[in-house]
Amino acid sequence: MAVCIAVIAKENYPLYIRSVPTENELKFHYTVHTSLDVVDEKISAMGKALVDQRELYLGLLYPTEDYKMFRKLHNSYTDIMCNPFYNPGDRIHSRAFDNMVNSMMMQVC
Amino acid sequence: QGREGGRLSSSGELFVLTYGALVAQLCKDYEKDEDVNTCLDRMGYGIGVRLIDDFLARSAVKKCRSYSETADMIAQVAFKMYLGVTPTVSCSSAAGNEFSLILDKNPLVDFVEELPAERASLCYCNLLCGVIRGALEMVHLPAEVTFLQDRLKGDAVTEIGITFLRKAEDRNGLVTTT
Numbered sequence: 001m002a003v004c005i006a007v008i009a010k011e012n013y014p015l016y017i018r019s020v021p022t023e024n025e026l027k028f029h030y031t032v033h034t035s036l037d038v039v040d041e042k043i044s045a046m047g048k049a050l051v052d053q054r055e056l057y058l059g060l061l062y063p064t065e066d067y068k069m070f071r072k073l074h075n076s077y078t079d080i081m082c083n084p085f086y087n088p089g090d091r092i093h094s095r096a097f098d099n100m101v102n103s104m105m106m107q108v109c
Numbered sequence: 001q002g003r004e005g006g007r008l009s010s011s012g013e014l015f016v017l018t019y020g021a022l023v024a025q026l027c028k029d030y031e032k033d034e035d036v037n038t039c040l041d042r043m044g045y046g047i048g049v050r051l052i053d054d055f056l057a058r059s060a061v062k063k064c065r066s067y068s069e070t071a072d073m074i075a076q077v078a079f080k081m082y083l084g085v086t087p088t089v090s091c092s093s094a095a096g097n098e099f100s101l102i103l104d105k106n107p108l109v110d111f112v113e114e115l116p117a118e119r120a121s122l123c124y125c126n127l128l129c130g131v132i133r134g135a136l137e138m139v140h141l142p143a144e145v146t147f148l149q150d151r152l153k154g155d156a157v158t159e160i161g162i163t164f165l166r167k168a169e170d171r172n173g174l175v176t177t178t
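For the protein sequence lines, the chains are X and D, in the order given.
Mapping to UniProt numbering: the first sequence position 57 is 57, numbers consecutive.
Mapping to UniProt numbering: the second sequence position 79 is 79, numbers consecutive.
Derived from the structure by calculation, the hints contain no laboratory data.
Every residue, glycine too, gets a C-beta built ideally from N, C-alpha and C.
Keep in mind that the hints are not guaranteed to be accurate.
[To be verified] If you anchor each label on the Cβ, the simulated ranges turn out as follows:
1. X/H74 - D/R50: 38 to 48 Å
2. X/R95 - D/D53: 37 to 47 Å
3. D/G96 - X/M69: 50 to 60 Å
4. D/A117 - X/P21: 52 to 62 Å
5. D/K105 - X/D40: 41 to 51 Å
6. X/N102 - D/R50: 40 to 50 Å
7. D/L22 - X/N102: 52 to 62 Å
8. X/S103 - D/Q25: 28 to 38 Å
9. X/R95 - D/K28: 51 to 61 Å
10. D/R119 - X/M104: 22 to 32 Å
11. X/H93 - D/K80: 15 to 25 Å
12. D/K28 - X/H74: 26 to 36 Å
13. X/H93 - D/K28: 17 to 27 Å
14. D/D53 - X/S35: 37 to 47 Å
Pulled out of the complex, with its shape left as it was, chain X reads as follows:
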């Protein structure tokens, strides 16, 4: 289960960000931002080795999460992209996306 899910545009701003309501949501936002550095590292590493460039899932920050979660997230993301009324770069406002994210977030009592 996730505590924070974010979709970041290539210009490094969030298209969508949701976290479990806690006192320190800002901490999550910082973590998401710093994880972008890890993403950059992984992508530049891929350029050197002959790694399958089609593999979108770059790996886990910590070895706990589910690969299936990323799959679901990415499929929902591509569905958003296919909406003719969605302009790339817009914030993501979609009930279907929210529902999918809800299903993956940790339940907080």
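We have chain X; now place chain D onto it with these hints.
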């Protein structure tokens, strides 16, 4: 590809995305929803008058002997052939010239969750109405075709209404009742 079952093929998806791009572009070109709807209908008409020959060639169906047969043909053969779905047909007038097609699934709107707030009167699939109207006209069955209900607008179902305008004529030009 990890997508859920029941999806169109890649060429089917390309068609759906192309249609979406067309509607989105028309929305940029025209301020009023009515104008976009009219444009879609006109484009559909242009497709319909041409598509009918393709349909008749591929389906090799015999001439329909009644409006009811025609409506069934549209729903069960044409829709199936071109969109892969089969709307349910019902006759909605005692005179026997008004029919409604209820679309349970509509691949054209697969990726459209809902209409944008500023486009509340947009008939997203209005092209279909034009196609049906154009095709029917080419077989001498003039009709009015509109969306009566639309799930994208918040209605319970998506329903296309077909109203045949004239009594059917046989080949000799005599008027016969349906």
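Against the structure, the hints:
1. X/H74 - D/R50: 38 to 48 Å: For X/H74 and D/R50 the Cβ distance comes to about 39 Å; the hint holds.
2. X/R95 - D/D53: 37 to 47 Å: At 42 Å between Cβs, range holds.
3. D/G96 - X/M69: 50 to 60 Å: 55 Å, holds
4. D/A117 - X/P21: 52 to 62 Å: Check failed, 27 Å falls outside 52 to 62 Å.
5. D/K105 - X/D40: 41 to 51 Å: About 42 Å separates the Cβ atoms of D/K105 and X/D40, which means 41 to 51 Å holds.
6. X/N102 - D/R50: 40 to 50 Å: 47 Å, holds
7. D/L22 - X/N102: 52 to 62 Å: 33 Å, violated
8. X/S103 - D/Q25: 28 to 38 Å: With Cβ atoms ~34 Å apart, the hint holds.
9. X/R95 - D/K28: 51 to 61 Å: 25 Å, violated
10. D/R119 - X/M104: 22 to 32 Å: 31 Å, holds
11. X/H93 - D/K80: 15 to 25 Å: 35 Å Cβ-Cβ, so the 15 to 25 Å window is violated.
12. D/K28 - X/H74: 26 to 36 Å: 29 Å, holds
13. X/H93 - D/K28: 17 to 27 Å: Check passed, 20 Å falls within 17 to 27 Å.
14. D/D53 - X/S35: 37 to 47 Å: 58 Å, violated
Comparing the model with each numbered hint stated earlier shows that hints 4, 7, 9, 11, 14 do not hold.
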